[in-house]
Amino acid sequence: MRRRVNVWLWAGLAILAFLTVVALFPDWFAPNDPHQSFWPAYDEKGAILPRPLQPGQAGLLLGSDYQGRDLWSRVVWGTRTSLGLAVVITAARLAIALPLGLWSGWRGGTASKVISALAGAGTTIPILLVLILILRPLHGLATTVGANLLWLVTFCTITALGGVPRMVEAIRRRVATVAGAPFLEGAVAAGATRRWILRRHVLPHVLPEVAVIAAAEMAWVLLLLGQLGIARVYIGGGQEDVLSGELSETIPEWAQMLAVSRGAILKSPILVLVPGAAIALASIGFHMTAEGLRRRWQQVVW
Amino acid sequence: MSIAKLQDSALKTLRESGPRALGRAARSAALRLLLFLVTALGVLLIAQLPFLLLMRPGPEGRPVLQVRPDVYWQGVTGFAGRVMVTPELQEFLREAWWRSGLVLAVGLALAILIGTVIGIASAVTTGGRWRRPLLGGTLLALAIPDFIVVILVQRLVVFLYREFDFRLFPILSGDSPRGWMLPALALAILPAAMIARIAAIVLDDIYRQDYVRTARAKGVPPWRVLYGHALRNGLPRIAASLPQAAAFAVSALLPVEWITNWPGLGFQVMLGTTMGRGALAMSIDKLALASLALIVTYAVLDGLARWTAARLGRRASASEAEGMV
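Just so you know, the protein sequences line up as chains A and B, in that order. Note that the numbering used here has the first sequence beginning at 27, numbered continuously upward. Note that the numbering used here has the second sequence beginning at 1114, numbered continuously upward.
Isolated chain B (complex conformation):
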């Protein structure tokens, strides 16, 4: 078969697979939206549970359990309406969402940057001199709980302040202007390790391919091999790890914001569930609202990550097809 025929065949395959791939993506997105709505409804029902299982002080100061299905049902049915009309709740949501969004955005951006750089460094290092320490470091980062990271950084900040009178950032975030730094850093560690490991594996695999060996043998500069071959073909596979990284970051919002006292969505959920039976510490509406907002945040991030991975993947498959012919 001639080269022209091969080229025609490859381009035809690409053209045909476009609409089909789009249809598959649309179906997948619709299914995820449906699942999201179902799970969001489930969370709404669950988040009102403290009202069903309410405990009140009884005679002689002993707690008495009260089952109140009427209050529970009122909470479930009235929730959506109250959220729409209460300015206090809207303000609460705006404030908490902004704070969580900030630390998530910075944390994930940091994670992608650090993870990709470590992955590249690990893959391009020949002879395994730096590879093991780098990958060992990522394994350590995967294993250390996020709240331990927060505590260690807090101790470091205290040490720097005491010994050198240098204030890196506040150890309890609160309303401090630089309060987002510690939670963002803590959120970045685990996703960065995850991305680094996947990047290292993917790039290492690409560096073993014949076309990369050929390019190196022909004297192509290392940076061009990295940019033109390794990253171009490896990025889609690395980007495929983004949804999982986003999932870990959103989950970690709960303990991290709680420990660092950063009043975002995770903090509000922990406050509502931990400090005392919902109604005592904060209104049950706020708890349900914060939970739902967290799920929406996760859904948006997940969608963005999947979209990025799909976009990069399409570009890569086109470039691979071009390279093939």
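Just chain A, with the same shape it has in the complex:
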């Protein structure tokens, strides 16, 4: 019988491979310096073109932002920061959730109940609300005093912690289904230690599921970063005038581009649509990969 091609997996991996190349070699794709301003620019009659420059004006493929910088080049350069941020946050979530989920799922009893209750606590409140309430004042403080590195660490830590409960619960449930398997009873009867059993017997059975969870989590983290950007919570050496609320930013990043352009949604929607489309593309790539992995390992036939 001819084996069906896993279209979801290959299409997802193709998108992710493309984005990885863009992130690693942005100068191959970006024609201009993301910090260089092309304004003032002039039309054929010598009149100054208004900001933001529209697509095609001053030779810019997607036009410019309000500071006259090439939108396409900024999106391309932003790939590295945004994907890097999503990878760091997802990896941090996984690093905390995997051991906790394995341990509580295998041990059962009180430990499992306590961790399940803590995971429940994390789901009794909308995560975006908590992140906005905590991070927004801290962001204002960090941008005012210029503590960018401290802000980066704080942002990643709090955003990562926010998603841990859901992930722990998913891994714990999976481990709990494996825990009663005969081969594990055999390992216990043979006198294997708990650490050995978890590492050599339980983990290999959980890893496919973890891979699916991690890929889907990357997509959710990217969406979360976008939503936080709309609330003007983002990463990257931005400076904000506390009194006027005026924003300027230096490092190109997708959520940051959304944050500074949010006020232009009706007037120049392309300023929000371009970074939003980049987030959507990456998110589609991760969702397709997760779906493909799920089909591959769970033997879904359609």
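Calculated from the structure, these hints are not laboratory results. If a hint is listed, it holds; no wrong ones were tucked in.
Take a look, some chain B residues computed to stay more than 10 Å from chain A by CB distance: (1) Trp1211; (2) Leu1215; (3) Ala1218; (4) Trp1336; (5) Arg1337; (6) Val1338.
Reference listing, derived: stretches of chain A covered by chain B, where coverage requires no fewer than 3 residues with Cβ under 8 Å from a Cβ of chain B: (7) 154-162; (8) 243-255; (9) 300-310.
Distance windows between CB atoms, simulated: (10) B:Val1151 with A:Trp323: 33 to 39 Å; (11) A:Pro125 with B:Leu1150: 26 to 32 Å; (12) A:Ala215 with B:Gly1250: 46 to 52 Å; (13) B:Gly1416 with A:Leu175: 41 to 47 Å; (14) B:Gly1249 with A:Trp222: 40 to 46 Å; (15) A:His231 with B:Tyr1340: 35 to 41 Å; (16) B:Arg1275 with A:Asp69: 21 to 27 Å; (17) A:Leu175 with B:Arg1245: 44 to 50 Å; (18) B:Arg1275 with A:Arg322: 44 to 50 Å; (19) A:Pro57 with B:Asp1288: 41 to 47 Å; (20) A:Leu233 with B:Ala1234: 32 to 38 Å.
We treat Cβ as the ideally placed atom computed from N, Cα and C, and that holds for glycine.
With chain A's structure known, arrange chain B on it following the hints.
Chain B alone, transformed into the frame defined by chain A:
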């Protein structure tokens, strides 16, 4: 074992599991209530933070950071009392809650309807002709940020108005009578995709079961197979996705209401945190109140979704037990 004995045994199991299941559900509900109270208290403490980290204009116009624990503590302790007695805050809460409740109710109802229909269409389509496009569409809906959906719909509305002089609904909601439409639509997209995917997987699984194959082989009409077997046994599993769908919808309230200018709870929270240090744009009480109201809304929706899933689940397990004997 005779059929009568099997039937007795199944009914006995059901009777015994009733009180136990009820006890488990009551314990779970109590635990969630406790967790909710703890997290609500946490949010109250957090929502007052802008008063602790207050920034004021200093000499030469440069901002100066002021740490004011006294103001922070006053805000925390006095919050509950002020909310109880201030008619202005009560009016604010009533108005914002009603608006958010409306868009959430319409959005979730739309999501359940669209999601279930797509899931059914995907599962009953034989040969995979429509399955891939339908599921691909749901994947796309999962991946596109809600604020992009809002912008695209806004552009569509503008296009329709300019080209055909047809006004679908206002692109900025405000106080317009049809202002709820855009936020409700934007809120429905992601939960609908989620429900559709789960419905497709669940129904596909049921269509592969022996009893469904047997029913089809015996010539039972497709609509009866769908209603009598697939939906009857699949709905509880589909309903289990409702709490998660509700969670996504409540979270999405913040950006969606903000972008569409719909002054519900999410809009008020964003206004309080985004526009300028709480006290400048709106009173800190309003921010804390809107945040708490949002959490309460989420808790109510979550409870409703879990209750619906549990109810449907009990009915299904009873019908499965009947079918077994």
